[in-house]
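Protein chains in written order, with my numbering: chain A, 1 to 361; chain B, 1 to 270.
Please keep in mind that the hints were generated in silico from the structure rather than gathered at the bench. Every value quoted in this text rests on a predicted model; they were computed, and no experiment measured them. For every residue, glycine included, the Cβ atom is placed at its ideal position computed from N, Cα and C. Careful, some of the hints might be misleading.
[To be verified] Label pairs and their calculated CB-CB ranges:
1. B:R74 to A:A173: 53 to 61 Å
2. B:G40 to A:R261: 27 to 35 Å
3. B:G40 to A:L353: 52 to 60 Å
4. B:Q65 to A:L352: 50 to 58 Å
5. A:A345 to B:G22: 51 to 59 Å
6. B:G137 to A:R166: 21 to 29 Å
7. B:G137 to A:I351: 16 to 24 Å
8. B:R74 to A:I338: 40 to 48 Å
9. A:A236 to B:T231: 21 to 29 Å
10. A:I229 to B:R74: 54 to 62 Å
11. B:D249 to A:R166: 42 to 50 Å
12. B:L255 to A:A345: 56 to 64 Å
13. A:A332 to B:G137: 49 to 57 Å
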Amino acid sequence: MSVAAGIEARSPRHSAGQRAASFAIPLLLVVLLVTAIAALTVGAAGIPLSRLPAALGLAGESTSMTARDQLVLWSIRIPRIAAAVMIGGLLAAAGAIMQGLFRNPLADPALVGVSSGGALAAASAIVFTDSRFGEALRFLQTELLPLAAFAGSLATTTILYGISSRSGRTSIAIFLLAGVAITAIANAGIGLLVFIADDRQLRDITFWMLGSMSGATWTKAAVLAPVLIAGLAGCAFIARGLDLLVLGEADAFHGGVDVERLKRISIVIVSAMTGVAVSISGVIGFVGIVVPHLLRLVIGPAHRLLLPASVLSGAILMVGADTLARTIVAPAEMPIGILTAAVGAPVFLFILLRQRGLAAL
Amino acid sequence: MTAVLEARQLGKRAGRATLLDGVGLTVAAGEVVAIIGPNGAGKSTLLRLLSGDLRPSAGEVRLKQRDIGSFAPRELAARRAMLSQHINVTFPFTVEEIVLMGAGERSLREAGPLVDAAMDEVGLSHFRERQLPTLSGGEQQRAHFARVLVQLACGEAEHGPGLLLLDEPTSSLDLRHQIDLVEAARRRAAAGTAVIAILHDLNLAIRFADRLVVLAGGRLAADGPRADVVTRERIRDIFEIDAVVHQVDGVPYVLPQSMRAAGQAELPPR
């Protein structure tokens with residue numbers, strides 16, 4: 001039989017995605033490691049590569065500089081890099097899942113108000129726990145912020161999906177415009193909070209508007225880690241469903257996907273990833289667009305590979321951007337959101353123009 | 001022969017509009033049925049009810065003697081495959097990746113032979129690594145047909161003859177590939193699959209199916225062997241056009257003409 005002959009000739013078979021997988025993940029891991037080491041060495045207090053092993057406690061010989069280096073590394077730089085790795089990974093993966101869910105490469109949690117929704121909820125939590133009514137919860141503020149941001153993001157994503165999906169089809173125009181409206185509402189809410197906030201609260205709230213890694217501590221990194229791990233586990237679970245969802249909701253269902261469950265799980269994962277990242281770093285846009293878009297060009301759109309690769313690439317981008325943010329105008333710091341927008345907005349426009357070109361055909 | 005699919009007194013309402021009313025249909029294993037009818041007759045609604053995608057407002061659909069609503073999506077996918085009309089893939093999946101989607105959780109290593117055979121059958125083997133969005137509409141349609149064939153084959157390997165539903169499968173295909181698709185579907189039927197397709201081209205429907213089901217205004221207007229269903233009077237009633245119906249070796253052949261050409265006043269717009 002000719003089919004059997006075909007198997008003989010080509011066996012064992014691998015798809016393009018499987019071939020890419022064999023080198024993409026190790027390569028990204030190496031790049032992330034190199035970027036993180038580079039990030040360790042630069043900053044307000046430079047630690048040259050030659051002193052790095054001693055400062056990390058990997059080599060014995062201590063010099064007069066070792067104690068200072070260790071302090072800088074362990075209490076400031078390493079928690080910050082750890083936070084940047086995880087926040088970059090969370091934002092990029094959240095972007096990739098959202099794009100799969102909405103079947104559009106332009107979906108990004110920051111762009112359509114999911115981040116703003118999280119920021120509004122986090123800002124509300126700050127003002128509430130500082131008020132007389134929320135006094136009892138004040139000691140829980142560190143734990144409450146990520147939860148509030150998650151709830152805010154979840155509400156936003158759910159509303160967004162409800163508005164832009166009708167009988168299995170998602171209107172991209174309505175989706176983006178609804179995102180604009182939701183961002184406006186969330187920003188109005190944040191504006192109101194700014195208006196009623198006192199000076200100290202104001203400083204905390206302003207932080208969400210700009211986006212920065214400067215508030216990163218070990219405690220905050222510890223909040224991020226379980227979300228990233230749980231999110232990655234969830235990604236493995238939804239990857240195939242997201243692949244089939246590219247056919248549309250009805251045809252994903254015909255192919256055996258429980259579409260309603262897939263949507264619910266995806267929305268919860270995106271909201272948790274975005275909300276918790278936002279509660280630590282504030283709103284950082286475009287990471288979720290740039291990273292998955294570039295990856296699809298190289299390794300293809302299959303989510304089984306795209307999602308973990310997005311986590312690693314987002315981590316690389318965020319560590320790089322944060323290192324740049326704390327060095328280019330040293331000793332001051334550039335808000336990281338400005339950097340990601342400077343890179344991301346042109347990429348967004350590029351995708352938009354390409355889509356327009358395809359639509360014209 | 002055992003009935004693969006039984007629909008009884010099917011009704012579907014959307015708001016105040018009645019899309020479908022009192023439709024009954026039983027399809028046996030190995031049978032090939034074409035659904036024909038004018039635009040808005042409820043053909044796509046009927047197919048979506050038969051696929052389990054929509055829930056009926058009245059009546060029930062039974063697939064292999066079991067209420068279709070009682071299957072989990074994955075169980076259902078192993079027993080019926082469906083090709084939709086317009087599928088717009090936005091991400092650059094390759095043809096092979098799309099076809100492999102029909103194999104569920106199976107990897108390319110396991111499902112490779114089925115994927116290869118299906119791509120050969122629709123004539124897309126040379127486009128294996130091409131990104132689907134770069135292909136023409138007809139080629140994309142063929143890739144999706146291959147995906148559906150893989151799904152059907154995977155399901156039938158485990159659960160025996162299944163159900164294949166096709167919603168205007170030939171709408172963007174050239175003549176050769178229309179005939180190829182019809183023959184591919186008939187080969188499945190010869191192996192026991194129950195096949196139901198919506199078709200607009202009457203002659204293709206006649207060539208495709210042994211049995212024609214006519215829908216008009218959400219109701220069943222006719223159901224029977226092709227030679228009984230396709231008559232000049234029925235075409236005039238249902239499609240509001242005149243037609244010459246020839247019999248070639250016992251198979252009807254339809255030559256449609258406008259009412260005006262037939263010397264009659266034009267019909268008022270519906």
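Hints, verified against the model:
1. For R74 (chain B) and A173 (chain A), the Cβ-Cβ distance of about 33 Å falls outside the hinted range of 53 to 61 Å, so the restraint is violated.
2. Between G40 (chain B) and R261 (chain A) the C-beta distance comes to about 33 Å, which sits within the given range of 27 to 35 Å.
3. A beta carbon spacing of about 38 Å between G40 (chain B) and L353 (chain A) contradicts the range 52 to 60 Å that was offered as a hint.
4. Separation of Q65 (chain B) from L352 (chain A) is about 52 Å and conforms to the stated range, judged on CB atoms against 50 to 58 Å.
5. Checking the proposed 51 to 59 Å range against A345 (chain A) and G22 (chain B) shows it holds: the Cβ atoms sit about 57 Å from each other.
6. Checked against the hint of 21 to 29 Å, the C-beta distance between G137 (chain B) and R166 (chain A) comes to roughly 24 Å, which is consistent with it.
7. For G137 (chain B) and I351 (chain A), the hinted distance range of 16 to 24 Å is satisfied, since their beta carbons lie about 23 Å from each other.
8. As the Cβ distance of R74 (chain B) to I338 (chain A) is approximately 47 Å, the hint placing it in 40 to 48 Å holds.
9. Between A236 (chain A) and T231 (chain B) the beta carbon distance is about 58 Å. The supplied range of 21 to 29 Å is therefore violated.
10. A C-beta distance of roughly 27 Å is found between I229 (chain A) and R74 (chain B), which places it outside the suggested range of 54 to 62 Å.
11. Under the hint 42 to 50 Å, the C-beta atoms of D249 (chain B) and R166 (chain A), about 49 Å apart, fit the expected range.
12. For the pair L255 (chain B) and A345 (chain A), the beta carbons lie near 60 Å from each other, so the given range of 56 to 64 Å is met.
13. One distance hint, 49 to 57 Å for the beta-carbon pair A332 (chain A) and G137 (chain B), holds here, with the actual separation near 56 Å.
Consistency note: the structure conflicts with the earlier hints numbered 1, 3, 9, 10.
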